[in-house]
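**Student:** These protein sequences, in sequence, are chains A and B. Heads up: the first sequence begins at 33 in our numbering, then just goes up one per residue. Heads up: the second sequence begins at 33 in our numbering, then just goes up one per residue.
Among these hints, one or two may not hold up.
Since the list gives no way to pick one copy over another, a pair counts as held whenever it fits inside one copy or between any two copies.
[Claimed, not checked] Listed next, the in silico SDA-like pairs over lysine to any residue satisfying Cα-Cα at most 25 Å (straight line):
no., residue 1, residue 2
1, Lys42, Lys165
2, Lys236, His48
3, Lys65, Pro255
4, Lys305, Asn249
5, Lys144, Arg50
6, Lys305, Leu216
7, Lys305, Asp221
8, Lys305, Leu259
9, Lys72, Glu82
10, Lys282, Leu259
11, Lys42, Arg58
12, Lys223, Arg302
13, Lys223, Arg308
14, Lys223, Arg233
15, Lys236, Glu298
16, Lys144, Ala40
17, Lys305, Met254
18, Lys139, Gly168
19, Lys223, Gly295
20, Lys223, Ala300
21, Lys42, Gln309
22, Lys305, Gly219
These are computed hints drawn from the structure, not numbers from a lab.
There are 2 protein chains.
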Amino acid sequence: METMVSSAMKEVIIGHDRPTVLIGERINPTGKKKLAEALKAGNLEIICEEALAQAQAGADIIDVNVSTFGVDEVTMLPRVVQTVLGTVDIPLCLDSANPEALAAALKVYKGKPLINSVTGEERSLSAILPLVKEYGAAVIGLVQDDDGIPNDAERRVAVARKIVKRAEATGIPRQDIIIDPLALTIGADTKSGLVTIETVRRVKAELGVNIVLAVSNVSHGMPDRDLLNNAFVAMAIAAGVTCLVVDVAKVRSIVLAADLLLGKDEYARRYIKTYRQRGQQTPGG
Amino acid sequence: METMVSSAMKEVIIGHDRPTVLIGERINPTGKKKLAEALKAGNLEIICEEALAQAQAGADIIDVNVSTFGVDEVTMLPRVVQTVLGTVDIPLCLDSANPEALAAALKVYKGKPLINSVTGEERSLSAILPLVKEYGAAVIGLVQDDDGIPNDAERRVAVARKIVKRAEATGIPRQDIIIDPLALTIGADTKSGLVTIETVRRVKAELGVNIVLAVSNVSHGMPDRDLLNNAFVAMAIAAGVTCLVVDVAKVRSIVLAADLLLGKDEYARRYIKTYRQRGQQTPGG
Numbered sequence: 033m034e035t036m037v038s039s040a041m042k043e044v045i046i047g048h049d050r051p052t053v054l055i056g057e058r059i060n061p062t063g064k065k066k067l068a069e070a071l072k073a074g075n076l077e078i079i080c081e082e083a084l085a086q087a088q089a090g091a092d093i094i095d096v097n098v099s100t101f102g103v104d105e106v107t108m109l110p111r112v113v114q115t116v117l118g119t120v121d122i123p124l125c126l127d128s129a130n131p132e133a134l135a136a137a138l139k140v141y142k143g144k145p146l147i148n149s150v151t152g153e154e155r156s157l158s159a160i161l162p163l164v165k166e167y168g169a170a171v172i173g174l175v176q177d178d179d180g181i182p183n184d185a186e187r188r189v190a191v192a193r194k195i196v197k198r199a200e201a202t203g204i205p206r207q208d209i210i211i212d213p214l215a216l217t218i219g220a221d222t223k224s225g226l227v228t229i230e231t232v233r234r235v236k237a238e239l240g241v242n243i244v245l246a247v248s249n250v251s252h253g254m255p256d257r258d259l260l261n262n263a264f265v266a267m268a269i270a271a272g273v274t275c276l277v278v279d280v281a282k283v284r285s286i287v288l289a290a291d292l293l294l295g296k297d298e299y300a301r302r303y304i305k306t307y308r309q310r311g312q313q314t315p316g317g
Numbered sequence: 033m034e035t036m037v038s039s040a041m042k043e044v045i046i047g048h049d050r051p052t053v054l055i056g057e058r059i060n061p062t063g064k065k066k067l068a069e070a071l072k073a074g075n076l077e078i079i080c081e082e083a084l085a086q087a088q089a090g091a092d093i094i095d096v097n098v099s100t101f102g103v104d105e106v107t108m109l110p111r112v113v114q115t116v117l118g119t120v121d122i123p124l125c126l127d128s129a130n131p132e133a134l135a136a137a138l139k140v141y142k143g144k145p146l147i148n149s150v151t152g153e154e155r156s157l158s159a160i161l162p163l164v165k166e167y168g169a170a171v172i173g174l175v176q177d178d179d180g181i182p183n184d185a186e187r188r189v190a191v192a193r194k195i196v197k198r199a200e201a202t203g204i205p206r207q208d209i210i211i212d213p214l215a216l217t218i219g220a221d222t223k224s225g226l227v228t229i230e231t232v233r234r235v236k237a238e239l240g241v242n243i244v245l246a247v248s249n250v251s252h253g254m255p256d257r258d259l260l261n262n263a264f265v266a267m268a269i270a271a272g273v274t275c276l277v278v279d280v281a282k283v284r285s286i287v288l289a290a291d292l293l294l295g296k297d298e299y300a301r302r303y304i305k306t307y308r309q310r311g312q313q314t315p316g317g
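Looking at chain A on its own, in the form it has when it is part of the complex:
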């Protein structure tokens, strides 16, 4: 099953037999004071810089999140979307829990964006899915419902199933739903990585949809976070994850290695090309 998203001129296709798609996570004010201040002041220069840097690092899609105290998302999300699309021609992931902000951003978006996200909660399903349908977008479905995030794979798959059913009943084709099986902090529960990987395998086997993961939570509070994130990325791709919400510059190398090892990089072309580019950027490195 393949999911297509696009900007005005560029299409990105996500699929189980294709190279892993990278969604740049850095336009998000959570924990970034400088970015939060710039958004409050309406100064979008730093956002253009981040968009360019992520495109250069190999992002296929850029996530845009402007949710922070003191910023009106309904005004700011469409403004930032237009600014980013004017800077880089890359499909965007509109990241908000606010249906009005999403509607405002969808109105100005040229192409087919990814919406991040709907959950299995009734309030979310009834507010977000009609928007996805109306604008012909694709959507990320998080496996949490009115009871919270299940701590076993079985119930996470059940939430995924519910989201897919409701989306299809709303008239959204299954290939436009991407399930996020949720990666929690390993430091809080050392079994949580296993639950995520098991959910990935079962969602792939049962529903066949694309699967996205935001990996950086997994290593929160641990030393050598990049090492843990890299190991998790490799396992997640092997289990069936087809796109990642990540700091692209930090994980691209391990993703290229994993894609090559899993038969998603014929003749090792992407792996070798990127290795050569790395060599040029950092001589001797």
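Position chain B against the provided structure of chain A, taking the given hints into account.
**Tutor:** Okay, now just chain B, sitting in the frame of chain A:
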């Protein structure tokens, strides 16, 4: 299912719910001119150094291979085994295709070694399995038979099944068989990594035995081999590999990360302890 191997004083247990066991690969003259020359001259100092270095790097088991042109394995394998056991108290993996050399090494070995290896070839099964039985050893079974190495998972699993059956018929308990699903060079065939990972999953599901992998072949001829080896190690452990034949110093960090993420490191004790030791060895690193 758990496999126990031992030296005179030390037991190592390999199992699906335990931390991944690391078998140090460096006492092997293949491609190592200095080591080959030392073996020919009967000079075992370099071997003691390698054994100590690997133990220090965190090897749980040490592989001993003396097979090179100009060395009589039947004399040299037992001599090297005694030398290594006199240097480090760590269980050994006796690595030879020569049944006489294995018999000579088994005679002098104190404890329960791992034999590397038997294949599905008739000649190998009938020569190696009786030795494994006689000395109460554990054995690695390579998934190749008289027709060579199958290039699909189905037939590799069939060879694994055949080895397990024949071993059991010889009186060797199933927990003393460790299957090696074979990692081939990704540069020669970009689908080969997938076949290995699929074989790991199916051998685990069907036979339940422990699974070993020698990973370094996978990256042969490719740039940035450590990156590929690390990615492959993480995926292999997630798929069901329980021990690895590796250059321990190079892969230990990613193995600890993978074990933590897969619930094999309660309270992250091993991960954090090793991180602290690394910090002390390389200040500021």
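**Student:** A separate judgement is required for each hint: does it hold in the structure or not?
**Tutor:** Evaluation of the provided hints:
For the identical chains of this complex, Lys42 and Lys165 are intra-copy neighbours only, at 21 Å inside a copy versus 64 Å across copies, given an alpha-carbon limit of 25 Å. Taking identical chains as interchangeable, the C-alpha atoms of Lys236 and His48 lie at most 25 Å apart whether they share a chain (9 Å) or sit on different chains (23 Å). For a Cα distance limit of 25 Å, the shortest separation of Lys65 from Pro255 inside one copy, 23 Å, qualifies, whereas the shortest one across copies, 39 Å, does not. Taking the shortest Cα distances, Lys305 and Asn249 sit within 25 Å of each other only across copies (21 Å), while inside one copy they are farther apart (30 Å).
Within a single copy, Lys144 and Arg50 get their C-alpha atoms as close as 19 Å, which meets the 25 Å cut-off; across copies the closest is 46 Å, which misses it. Proximity of Lys305 to Leu216 under the C-alpha cut-off of 25 Å is restricted to the inter-copy arrangement: shortest distance 22 Å between copies versus 34 Å within a copy. For the homomeric pair Lys305 and Asp221, the shortest alpha-carbon distance between copies (18 Å) is at most 25 Å, but the shortest distance inside one copy (39 Å) is not. In this assembly of identical chains, the alpha carbons of Lys305 and Leu259 lie at most 25 Å apart whether taken from the same copy (23 Å) or from different copies (15 Å).
Proximity of Lys72 and Glu82 under a CA criterion of 25 Å is satisfied intra-copy only: 17 Å inside one chain copy versus 60 Å between copies. Proximity of Lys282 to Leu259 under the C-alpha cut-off of 25 Å is found in both arrangements, the shortest distances being 10 Å within a copy and 13 Å between copies. In this homomeric assembly, Lys42 and Arg58 come within 25 Å of each other (Cα to Cα) only inside a single copy, at 21 Å, whereas the closest approach across copies is 49 Å. In this assembly of identical chains, the alpha carbons of Lys223 and Arg302 lie at most 25 Å apart only when taken from different copies (15 Å versus 34 Å within one copy).
Taking CA atoms no more than 25 Å apart as the test, Lys223 paired with Arg308 passes between copies only; the shortest distance there is 23 Å, against 38 Å inside one copy. In this assembly of identical chains, Lys223 and Arg233 lie within 25 Å of each other by CA distance both inside one copy and across copies; the values are 16 Å within and 20 Å between. Proximity of Lys236 and Glu298 under a CA criterion of 25 Å is satisfied intra-copy only: 23 Å inside one chain copy versus 28 Å between copies. Taking the shortest Cα distances, Lys144 and Ala40 sit within 25 Å of each other inside one copy (9 Å), while across copies they are farther apart (66 Å).
In this assembly of identical chains, the alpha carbons of Lys305 and Met254 lie at most 25 Å apart only when taken from different copies (12 Å versus 33 Å within one copy). Taking the shortest alpha-carbon separations for Lys139 and Gly168, only the intra-copy value of 12 Å comes in at or below 25 Å, while the best inter-copy value is 73 Å. Proximity of Lys223 to Gly295 under the C-alpha cut-off of 25 Å is restricted to the inter-copy arrangement: shortest distance 5 Å between copies versus 29 Å within a copy. Only between protomers do Lys223 and Ala300 lie at most 25 Å apart by alpha-carbon distance; the minimum there is 11 Å, versus 34 Å within a single protomer.
Taking CA atoms no more than 25 Å apart as the test, Lys42 paired with Gln309 passes inside one copy only; the shortest distance there is 23 Å, against 48 Å between copies. In this assembly of identical chains, the alpha carbons of Lys305 and Gly219 lie at most 25 Å apart only when taken from different copies (14 Å versus 36 Å within one copy).
Violated hints for the displayed structure: none, as all numbered hints are satisfied.
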